[in-house]
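With the hints as constraints, model all of the structure from the sequences given.
2 protein chains.
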Amino acid sequence: MILCDIGNTTYHFLDKEREYKESVKLFDPSSFKDIVFYICVNVEAKKLLKHLKNWIDLSQYIDFSKYYATMGIDRIMACEAITQGVVVDAGSAVTVDIVKNSKFEGGFIYPGIKAIGKTYKNISNALDYSFNFELDLDKMPKNSRDAISYGYLKLLQSEVKSYNMDIYLTGGDAKEFVKIFPDSFVDEMLLFKGMKNIMKKADIC
Amino acid sequence: MILCDIGNTTYHFLDKEREYKESVKLFDPSSFKDIVFYICVNVEAKKLLKHLKNWIDLSQYIDFSKYYATMGIDRIMACEAITQGVVVDAGSAVTVDIVKNSKFEGGFIYPGIKAIGKTYKNISNALDYSFNFELDLDKMPKNSRDAISYGYLKLLQSEVKSYNMDIYLTGGDAKEFVKIFPDSFVDEMLLFKGMKNIMKKADIC
Chain W
587 MILCDIGNTT
597 YHFLDKEREY
607 KESVKLFDPS
617 SFKDIVFYIC
627 VNVEAKKLLK
637 HLKNWIDLSQ
647 YIDFSKYYAT
657 MGIDRIMACE
667 AITQGVVVDA
677 GSAVTVDIVK
687 NSKFEGGFIY
697 PGIKAIGKTY
707 KNISNALDYS
717 FNFELDLDKM
727 PKNSRDAISY
737 GYLKLLQSEV
747 KSYNMDIYLT
757 GGDAKEFVKI
767 FPDSFVDEML
777 LFKGMKNIMK
787 KADIC
Chain L
587 MILCDIGNTT
597 YHFLDKEREY
607 KESVKLFDPS
617 SFKDIVFYIC
627 VNVEAKKLLK
637 HLKNWIDLSQ
647 YIDFSKYYAT
657 MGIDRIMACE
667 AITQGVVVDA
677 GSAVTVDIVK
687 NSKFEGGFIY
697 PGIKAIGKTY
707 KNISNALDYS
717 FNFELDLDKM
727 PKNSRDAISY
737 GYLKLLQSEV
747 KSYNMDIYLT
757 GGDAKEFVKI
767 FPDSFVDEML
777 LFKGMKNIMK
787 KADIC
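So the sequences go chain by chain: W and L.
Positions 587 to 791 (the numbering used here) are the ones given, in order, by the first sequence.
Positions 587 to 791 (the numbering used here) are the ones given, in order, by the second sequence.
It cannot be assumed that every hint is accurate.
For identical chains, the list gives no copy identity; a pair is met inside one copy or between any two copies.
Derived SDA-like pairs (lysine to any residue); straight-line CA-CA distance at most 25 Å [to be verified]:
| id | residue 1 | residue 2 |
| --- | --- | --- |
| 1 | Lys652 | Ala712 |
| 2 | Lys633 | Ala712 |
| 3 | Lys761 | Met775 |
| 4 | Lys747 | Met726 |
| 5 | Lys652 | Leu723 |
| 6 | Lys728 | Ser744 |
| 7 | Lys689 | Tyr653 |
| 8 | Lys707 | Ala655 |
| 9 | Lys747 | Asp773 |
| 10 | Lys700 | Thr656 |
| 11 | Lys707 | Gly758 |
| 12 | Lys607 | Asn640 |
| 13 | Lys728 | Ala655 |
| 14 | Lys728 | Ser770 |
| 15 | Lys700 | Ser716 |
| 16 | Lys633 | Asp714 |
| 17 | Lys700 | Ala712 |
Rather than coming from a laboratory, the hints here were simulated on the basis of the structure.
Listed below in structure tokens is the structure:
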């Protein structure tokens with residue numbers, strides 16, 4: 587069974603135990619002859635895949651009444667992976683979603699590291715710093731780099747901690763964010779778990 | 587006595603009781619013959635003003651040991667305006683600074699409304715919404731517009747409220763931010779108050 591999570595920049599495959607990525611720009615999905623169960627947030631890739639019979643869109647098996655109409659399929663799959671907790675998916679955006687007793691309880695969207703770095707730089711060249719993930723977030727900052735790092739990191743940390751729930755951390759920047767959520771469960775395979783759960787529910791595996 | 591707070595886009599004047607703004611692009615400071623006491627964060631304007639003897643830079647009277655080297659002069663003036671509380675200055679960036687017993691205790695920098703709006707849009711066109719300042723921030727969002735509004739507004743609100751101090755709100759977007767800080771003191775003249783305090787301390791008025 588081959589699974590694929592398609593984002594804005596990569597096709598992320600899980601082929602049994604083997605996990606790998608292909609660039610959205612370079613990869614041709616029609617070159618693939620095996621059956622692939624996928625989710626996709628990429629508008630261009632969606633158009634291509636629509637016409638390929640061996641690429642099966644798992645979003646058709648989602649009970650959308652549990653979520654909301656414009657919610658990203660990647661967020662939904664992450665929620666489907668757990669029964670209780672808060673999912674932090676740190677990619678181009680950081681999505682934070684709460685699940686209680688297998689029910690989606692709402693969530694919010696925060697800018698990703700790259701995006702917010704550009705934002706500060708665009709406001710003023712004087713704010714063009716990389717974030718300090720090692721910052722002591724229990725102290726108010728007294729220099730510019732820490733002042734922007736705190737603004738971005740502490741506010742997110744406080745909000746997520748305030749739920750008093752297990753934290754599941756996934757996405758390309760999970761390795762950075764684990765520094766501010768040291769007790770979280772880091773799971774790069776979380777979306778694939780959600781996809782497998784959906785397939786079990788739909789009785790297709 | 588004429589005071590002027592020069593930002594990236596405007597010269598903000600206070601001439602006795604009369605307050606008005608001039609565009610940085612259009613205004614020629616050499617056309618002004620009165621004495622003006624100013625602060626300036628605008629690099630280009632700074633160069634012009636350096637050569638004009640009737641424009642007096644108040645930053646020379648600041649005791650920088652109370653602050654830090656790269657801290658914006660506008661943030662410093664806002665801190666000089668109060669003896670105790672948290673200053674939220676909502677402009678192109680939102681700066682949040684704590685003052686206890688007339689001492690600066692640190693602060694952080696958060697993106698301004700315009701900047702963060704662009705950020706979400708650049709991440710994905712699916713996130714191109716205006717913020718919902720009327721949102722009930724005590725409920726987890728279940729739609730895209732509220733999910734980004736919560737991400738931006740709730741996290742800032744929680745952090746600022748956590749200090750349990752009086753909130754002083756200033757800057758061009760103060761009128762929007764008062765919706766999430768309804769008990770704050772809104773004061774568009776806060777920086778001018780700080781400038782007057784500095785002038786009293788320096789014995790120049």
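How the hints compare with the structure:
1. In this homomeric assembly, Lys652 and Ala712 come within 25 Å of each other (Cα to Cα) only across copies, at 20 Å, whereas the closest approach inside a single copy is 45 Å.
2. Proximity of Lys633 and Ala712 under a CA criterion of 25 Å is satisfied inter-copy only: 17 Å between copies versus 42 Å inside one chain copy.
3. In this assembly of identical chains, the alpha carbons of Lys761 and Met775 lie at most 25 Å apart only when taken from the same copy (13 Å versus 44 Å across copies).
4. Proximity of Lys747 to Met726 under the C-alpha cut-off of 25 Å is found in both arrangements, the shortest distances being 18 Å within a copy and 14 Å between copies.
5. In this assembly of identical chains, Lys652 and Leu723 lie within 25 Å of each other by CA distance solely across copies; the values are 21 Å between and 35 Å within a copy.
6. In the homo-oligomer, the alpha carbons of Lys728 and Ser744 lie at most 25 Å apart both inside one protomer (20 Å) and across protomers (21 Å), since each shortest distance falls under that limit.
7. For the identical chains of this complex, Lys689 and Tyr653 are intra-copy neighbours only, at 9 Å inside a copy versus 48 Å across copies, given an alpha-carbon limit of 25 Å.
8. In this assembly of identical chains, Lys707 and Ala655 lie within 25 Å of each other by CA distance solely across copies; the values are 19 Å between and 34 Å within a copy.
9. In this assembly of identical chains, the alpha carbons of Lys747 and Asp773 lie at most 25 Å apart only when taken from the same copy (18 Å versus 33 Å across copies).
10. In the homo-oligomer, the alpha carbons of Lys700 and Thr656 lie at most 25 Å apart both inside one protomer (23 Å) and across protomers (23 Å), since each shortest distance falls under that limit.
11. Taking identical chains as interchangeable, the C-alpha atoms of Lys707 and Gly758 lie at most 25 Å apart whether they share a chain (22 Å) or sit on different chains (20 Å).
12. In the homo-oligomer, the alpha carbons of Lys607 and Asn640 lie at most 25 Å apart inside one protomer (19 Å), although the nearest pairing across protomers, at 63 Å, exceeds that limit.
13. Taking CA atoms no more than 25 Å apart as the test, Lys728 paired with Ala655 passes between copies only; the shortest distance there is 9 Å, against 43 Å inside one copy.
14. For the homomeric pair Lys728 and Ser770, the shortest alpha-carbon distance between copies (24 Å) is at most 25 Å, but the shortest distance inside one copy (28 Å) is not.
15. Taking the shortest Cα distances, Lys700 and Ser716 sit within 25 Å of each other both inside one copy (9 Å) and across copies (21 Å).
16. In this homomeric assembly, Lys633 and Asp714 come within 25 Å of each other (Cα to Cα) only across copies, at 22 Å, whereas the closest approach inside a single copy is 38 Å.
17. When the C-alpha separation of Lys700 and Ala712 is checked against a cutoff of 25 Å, the pair qualifies both within a copy, at 17 Å, and between copies, at 18 Å.
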